[in-house]
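Sequence lines, in order, name chains X and A.
Just so you know, we're using our numbering here: the first sequence kicks off at 18 and counts up by one.
Just so you know, we're using our numbering here: the second sequence kicks off at 164 and counts up by one.
A portion of the hints provided could be inaccurate.
To be verified - Result set (SDA-like, lysine to any residue): computed pairs, CA atoms no more than 20 Å apart in a straight line:
hint : chain 1 : residue 1 : chain 2 : residue 2
1    : A       : K263      : X       : R317
2    : A       : K208      : A       : D429
3    : X       : K67       : X       : T33
4    : X       : K160      : A       : V309
5    : X       : K160      : A       : W304
6    : X       : K110      : A       : R466
7    : A       : K343      : A       : D429
8    : A       : K208      : A       : V376
9    : A       : K343      : A       : T403
10   : X       : K110      : A       : R321
11   : A       : K260      : X       : K160
12   : A       : K235      : A       : Y204
13   : X       : K160      : A       : D429
14   : A       : K343      : A       : S333
15   : A       : K263      : A       : E218
16   : A       : K260      : X       : R186
17   : A       : K260      : X       : L329
18   : A       : K260      : X       : Q178
19   : X       : K67       : X       : R135
20   : X       : K67       : X       : S112
21   : X       : K110      : A       : D318
22   : A       : K263      : X       : K110
It should be emphasised that the hints constitute simulated quantities derived from the structure, not laboratory data.
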Amino acid sequence: MSQLRIEPLSLDEWGTALPSSGTEVFHTPAVLAAIDEHFDGEMHLFGVFKGQEPVALFPTFVRRNPLGRVVVSPPPSMAIPYIGPVMMPNSPKQSAYESVNREFADLVVEELGIRSNRTFVRLLCSPAYLDPRPFEWTGFAVKPSFTYRLDLGGRSLDEIQAQFSSSLRREIRQARELDITIADEGLDGARVVYDDVVSRYDEQDEPFGMPWEFVESLVENLGDRCRVYVARGPDGGYLSGMIVPFSDEVGYFWLGGARGEYDGVSINSLLHWTIIEDIVEDEALASVTEYDLVGANTERLCNYKSKFGGELVPYYVVESTGVGMNLAKRTYQLLNKGSERIATK
Amino acid sequence: MTIEITEFDHRDRDEWDTYVERSSQASLFHQYEALRLQAKYSNSKLHLLVGYKTEEPVGLFPVFEIRKGLVKTAFSPPPHIGVPYLGPVMLDAGNIKSRKFERRRNQFIDGCTEWIGGHIGPNYTHVRVGDYYTDMRTFLWGGCDVSPKYTYNVDLTRGEDDLLMSFSRSARRNIRDGRKLVSGIEEGDRDDICSILTLVKDRYEEQDLSFDVPPQFVMDLYDSLPAGQVRPYVFRYDGTFVSGIIVLQYGDTLYRWLGGVRPQRDFGIDVNDLLDWRIMRDGMDDGMRRYDLVGANNRRLNRYKSKYNPELVTFYQIEHGALPVRTIAHLYKSRLGPGIEMLSRGNGNGASFPSRLVSGFLHR
């Protein structure tokens, strides 16, 4: 007999229940509202409660098509690397975590009817959700993916740079010698960065499904929890830029860095370094201790990202299995063109 | 700089073992004697691959070749003998940067993959690595199927009192109430291994499961490995065997390998809690840092194991290629009952077959 119950939540209720630590920026009401506004389908937010106390949260996105139903978290084509469940059992013990996790998975599977073979499920779980076993036991497949995270807490800029590769340090040094300004240009900057990414995809004949309006909502909703770093040359011309949302603990290289060669020097390395400097030194970001390079799964991009000496952090993808799901999966993959697919150098 | 792959043979066993000692990733099962026995009890051909960078050994990869008719397979560890993890390990590299170490490891893996392709040409490859190896990208990019698997580790460094307090109420109560029984616990001998395995086999058969680990394999390990690596702990009452756990001790880790199943006689408390607690206390006295409960994949058994408040630890299973169903039937002929059913609801791409069949051990 289950002690827990599952309830749909409004965005406000979600915001009240969401813990301040151990979650991603993508779990915040600001980002969820932006997704909800632009996702072609329904957002369903769930809370799992023990009495009055929330012990798990789960944002889901549902779309119906003639072949069946798609239940995802996050939706495709929005460059959200991971979201998935938030676990917050009221005891630090492993057994308590496991019983909440087990019941949580049973409840969501039941509530969403996702055991059906006409429903395609894909959950990109955040790096904090390290125990997807209940989904495996329910018949889903679990595969690992990876991202790079730089631990910046309690370390000096010198110490951080010491773990960089020498070529990365050289690039930063060379870029600094050029007459470049980097500033947070807010929403206007975001538009320039977005257009740059779109044109980069066009050049490579890759489809880019993310609408500007979604980026606009996300940047606006996050307010000062999102910065748009734009690098300009001496004539004020745009060189490169990056949109960086922040959770209370992590800054994310979310979108941008599509190109950035200037005078034979990579501007993107200097952009990353400026972001890292802000995380370490800016009082407004005092609680932020990590920089997430968002994605370490595309081979040709990893050589660059690995130069930062970050930690390779796994996260798990939970997916439907079985015949009939392959087509749905391919469609999903086609739609899910994340920012990681663009060369960032 | 490439890494050159050399195959050792049994004449190089001493050199192999000195390399094993130089790797903090290596396990008891990487030692030559243990590998020889794994090959013997899985009817496979052992290949000892050593990677050299210039003259320096950098990595070890024991590979077991199993042929059935025209089908060639490569395993590490081999199937159905209860070895939880094996696969490639790197020799300790001092203070080199982690980026450099990763690059070296990827080169070593590339070299081994090429060697295995050229010398064995397997239709199917199956590797399970310990938790020290998490960067699975080179396998993912190479088209392998990578699945997370789980085990539990109890942290033995936190101090006896703290550790005990972290256990579930029932485990603490058993340990407290069982004080009058603990005099019946001792480290046993070769005969006790047999009693433990017989009890395990009986419990399995009650549940219509087959127990894969050949008892003689465990005995041979006990006889051949250095003293103190294979340790049967037993609980006797009035001099009669009641229950036991076979513990492996290597490096800074204790492994709860086999045993600890429900005994025939009921003492009102779970005597296996007493055995586990004694094992953990001995381990702490010996400076062991963790007690690996070996496996957290079975829903029902996890409830038992999680009472020691362990940390969930992920490790990876790597598979490449596919096998025709008939070959699987030959490879795993002794347990086709539930197996065939599981195979028939494969995931369509045919790339993997149920790990229950492969590991037996991990999924019970």
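*Hint numbers contradicted by this structure*: Checked against the structure, the hints that fail are numbers 2, 11, 13, 19 and 22, while the rest are satisfied.
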